[in-house]
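Chemist: If you want the building blocks of each chain, they are given just below.
There are 2 protein chains.
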Amino acid sequence: MKLPTAPPSGQTSSSPIAEALSLAIHEHRIAPGTKLGEDELGEIYGVSRTVVRAALQSLSYIGLVDIHRNKGAFVAEPSRTEAREVFEARELLEPRTAHSAALRAKAPDIAVLHRHIEDEHSALAASDPGRALHLSGLFHLEIARIAGQATIARFIETLIARSSLIIALYWRRESALCDKHAHGALLAALAKGEADAASALMRSHLVDLHSALDLRPRPDRKTSLKEVLSR
Amino acid sequence: MKLPTAPPSGQTSSSPIAEALSLAIHEHRIAPGTKLGEDELGEIYGVSRTVVRAALQSLSYIGLVDIHRNKGAFVAEPSRTEAREVFEARELLEPRTAHSAALRAKAPDIAVLHRHIEDEHSALAASDPGRALHLSGLFHLEIARIAGQATIARFIETLIARSSLIIALYWRRESALCDKHAHGALLAALAKGEADAASALMRSHLVDLHSALDLRPRPDRKTSLKEVLSR
DNA sequence: GCTTTCAGGATCGTATACAATAATGTGTGC
DNA sequence: GCACACATTATTGTATACGATCCTGAAAGC
Numbered sequence: 000m001k002l003p004t005a006p007p008s009g010q011t012s013s014s015p016i017a018e019a020l021s022l023a024i025h026e027h028r029i030a031p032g033t034k035l036g037e038d039e040l041g042e043i044y045g046v047s048r049t050v051v052r053a054a055l056q057s058l059s060y061i062g063l064v065d066i067h068r069n070k071g072a073f074v075a076e077p078s079r080t081e082a083r084e085v086f087e088a089r090e091l092l093e094p095r096t097a098h099s100a101a102l103r104a105k106a107p108d109i110a111v112l113h114r115h116i117e118d119e120h121s122a123l124a125a126s127d128p129g130r131a132l133h134l135s136g137l138f139h140l141e142i143a144r145i146a147g148q149a150t151i152a153r154f155i156e157t158l159i160a161r162s163s164l165i166i167a168l169y170w171r172r173e174s175a176l177c178d179k180h181a182h183g184a185l186l187a188a189l190a191k192g193e194a195d196a197a198s199a200l201m202r203s204h205l206v207d208l209h210s211a212l213d214l215r216p217r218p219d220r221k222t223s224l225k226e227v228l229s230r
Numbered sequence: 000m001k002l003p004t005a006p007p008s009g010q011t012s013s014s015p016i017a018e019a020l021s022l023a024i025h026e027h028r029i030a031p032g033t034k035l036g037e038d039e040l041g042e043i044y045g046v047s048r049t050v051v052r053a054a055l056q057s058l059s060y061i062g063l064v065d066i067h068r069n070k071g072a073f074v075a076e077p078s079r080t081e082a083r084e085v086f087e088a089r090e091l092l093e094p095r096t097a098h099s100a101a102l103r104a105k106a107p108d109i110a111v112l113h114r115h116i117e118d119e120h121s122a123l124a125a126s127d128p129g130r131a132l133h134l135s136g137l138f139h140l141e142i143a144r145i146a147g148q149a150t151i152a153r154f155i156e157t158l159i160a161r162s163s164l165i166i167a168l169y170w171r172r173e174s175a176l177c178d179k180h181a182h183g184a185l186l187a188a189l190a191k192g193e194a195d196a197a198s199a200l201m202r203s204h205l206v207d208l209h210s211a212l213d214l215r216p217r218p219d220r221k222t223s224l225k226e227v228l229s230r
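If you read the sequences in order, they're chains A and H.
Position one of the first sequence corresponds to residue 0 (numbering that gives the first Met the number 0), numbered consecutively onward.
Position one of the second sequence corresponds to residue 0 (numbering that gives the first Met the number 0), numbered consecutively onward.
If you are wondering where the hints come from, they were derived from the structure by calculation, not from laboratory data.
Note that CB positions come from ideal geometry on N, CA and C, so glycine has one too.
Accuracy of the hints is not assured; some may be wrong.
[Stated by the list, open to error] Covered, in the sense of this in silico footprint (three residues per stretch, anywhere, with C-beta under 8 Å from a C-beta of chain H), are these stretches of chain A: (1) 55 to 62; (2) 87 to 94; (3) 146 to 153.
[What the hints assert, rightly or not] Computed spacing ranges between beta-carbons, pair by pair: (4) H:A124 <-> A:G71: 44 to 50 Å; (5) H:P216 <-> A:E39: 47 to 53 Å; (6) A:R103 <-> H:P107: 41 to 47 Å; (7) H:V206 <-> A:G192: 23 to 29 Å; (8) H:G36 <-> A:A124: 51 to 57 Å; (9) A:A30 <-> H:K179: 49 to 55 Å; (10) H:Y169 <-> A:R215: 45 to 51 Å; (11) H:Y169 <-> A:E39: 46 to 52 Å; (12) A:E193 <-> H:A124: 53 to 59 Å; (13) A:A199 <-> H:S126: 50 to 56 Å; (14) A:E87 <-> H:W170: 32 to 38 Å.
[Stated by the list, open to error] Here are some, though not all, of the chain H residues that point toward chain A, as calculated from beta-carbon distances under 10 Å: (15) S57; (16) S59; (17) Y60; (18) I61; (19) D65; (20) T80; (21) E81; (22) R95; (23) L102; (24) I151; (25) R153; (26) T157.
My request is simple: use the sequences and hints to build the entire structure.
Modeler: The structure is reproduced here in structure tokens:
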């Protein structure tokens with residue numbers, strides 16, 4: 000496992016280690032289900048297990064990590080049901096934040112969002128889709144911040160985090176490309192203060208994302224194995 | 000400081016200590032701003048600081064506790080701005096959960112809710128308003144659970160927790176009594192499967208609660224202190 | 001040959017010990 | 001008598017040590 004030492008990121012987190020792990024997960028450099036051993040991480044970051052444990056605990060509250068007693072910490076693997084819930088929650092919350100953000104956004108806010116989009120494009124150009132995905136999430140989070148609802152913004156932060164895992168697990172390769180223009184159109188509406196348009200654009204953007212996932216229920220692994228072998 | 004040893008509560012939390020502290024805060028037996036020293040709590044519960052720290056960390060993620068580096072953990076004191084945000088978020092989320100709950104509630108669900116109301120009344124009769132408030136929160140949380148949206152239910156759990164602190168800080172004594180009938184009417188709508196009615200009742204119930212708070216902006220403590228002392 | 005059992009190792013859970021930081025109280029100089 | 005600097009103390013932050021639990025693999029029994 001290869002991890003960055005401590006990349007500076009504009010994220011709100013407690014410890015530098017939680018920060019680094021969070022970024023690595025967001026950028027799909029650590030796959031869902033990966034075991035995150037305490038000794039191993041302590042070795043990598045040069046700290047004791049105490050601080051590693053605290054970091055893992057914090058990530059488990061966000062939903063990025065699942066901790067099983069006496070088993071250890073693993074990068075979370077959201078089920079299809081959870082995936083649906085996460086996107087339903089986003090479809091409930093984010094149009095509202097987009098609406099508020101359109102009413103409250105000042106010039107510097109728009110500039111920040113603009114920079115996010117630019118970074119996202121350059122990451123794509125550099126064929127770094129993981130980083131592009133992370134930046135895409137930051138775009139959504141920034142809108143929630145601009146909306147001035149810190150409480151809801153924290154909720155959205157956790158939803159975006161889990162969305163990253165969900166995309167890693169359930170993204171349909173055959174589905175259309177990520178619709179680069181969605182964020183651009185959203186930004187335009189925000190810049191013009193068109194709250195209703197921003198809200199509608201956000202909703203349809205999320206619905207698009209949601210429908211690009213393969214969330215069809217699957218039979219249990221056991222059952223399907225039995226079926227295969229009985230032929 | 001007098002705390003229960005480990006009361007069994009139907010709450011979702013990690014450690015028994017977080018559980019006990021959470022209950023004590025919900026029942027207004029520990030006031031906002033109270034310092035929660037690690038040694039002190041370890042002494043009370045007969046465990047080392049390690050586990051106390053973990054519990055305090057978990058409470059800080061719910062927003063019940065604020066941790067300041069090198070200062071320690073304190074029962075959170077939500078600002079008026081945060082209070083407004085919390086209730087706005089509840090007014091956004093909970094009518095939706097009431098709607099879903101009305102469509103999905105089975106007989107046992109209704110029974111559980113009914114018991115909650117009974118317990119709440121008996122707590123009031125026993126002049127234990129703290130416990131009544133806690134049970135009132137549990138009523139709301141149970142509805143979110145019935146709605147079958149685990150993700151949103153967790154959000155609501157944190158919102159209810161902070162609501163308890165907000166009520167401790169900003170409740171207007173002169174305001175009308177807690178409107179005992181609100182939960183009863185809500186339960187009736189849920190039992191009959193009247194989703195729209197349940198949603199509307201929930202919304203108005205939350206608006207009532209919100210308006211029973213005194214959230215008028217106040218001058219800083221410092222300023223007022225200075226004013227008082229200069230006379 | 002297959003299953004079962006037990007031992008070894010590895011990892012987590014908790015307690016304790018040490019280091020670092022902040023708060024408080026005391027003493028001195030003016 | 002007041003203000004400032006310093007020492008002392010209390011509390012948190014981090015590391016380490018020990019005990020408990022679970023997983024893995026080999027050997028014995030069927």
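Chemist: Each hint should be assessed against the structure and marked as holding or not.
Modeler: Here's how the hints hold up against the structure:
no. : hint                          : in the structure
1   : 55 to 62                      : holds (count 3)
2   : 87 to 94                      : holds (count 4)
3   : 146 to 153                    : holds (count 4)
4   : H:A124 <-> A:G71: 44 to 50 Å  : holds, 48 Å
5   : H:P216 <-> A:E39: 47 to 53 Å  : holds, 50 Å
6   : A:R103 <-> H:P107: 41 to 47 Å : holds, 45 Å
7   : H:V206 <-> A:G192: 23 to 29 Å : holds, 28 Å
8   : H:G36 <-> A:A124: 51 to 57 Å  : holds, 54 Å
9   : A:A30 <-> H:K179: 49 to 55 Å  : holds, 52 Å
10  : H:Y169 <-> A:R215: 45 to 51 Å : holds, 48 Å
11  : H:Y169 <-> A:E39: 46 to 52 Å  : holds, 47 Å
12  : A:E193 <-> H:A124: 53 to 59 Å : holds, 54 Å
13  : A:A199 <-> H:S126: 50 to 56 Å : holds, 52 Å
14  : A:E87 <-> H:W170: 32 to 38 Å  : holds, 33 Å
15  : S57                           : holds, 7 Å
16  : S59                           : holds, 9 Å
17  : Y60                           : holds, 4 Å
18  : I61                           : holds, 8 Å
19  : D65                           : violated, 13 Å
20  : T80                           : holds, 8 Å
21  : E81                           : holds, 7 Å
22  : R95                           : holds, 6 Å
23  : L102                          : violated, 14 Å
24  : I151                          : holds, 5 Å
25  : R153                          : holds, 9 Å
26  : T157                          : holds, 9 Å
Checked against the numbered hints given earlier, this structure breaks hints 19 and 23; the rest are met.
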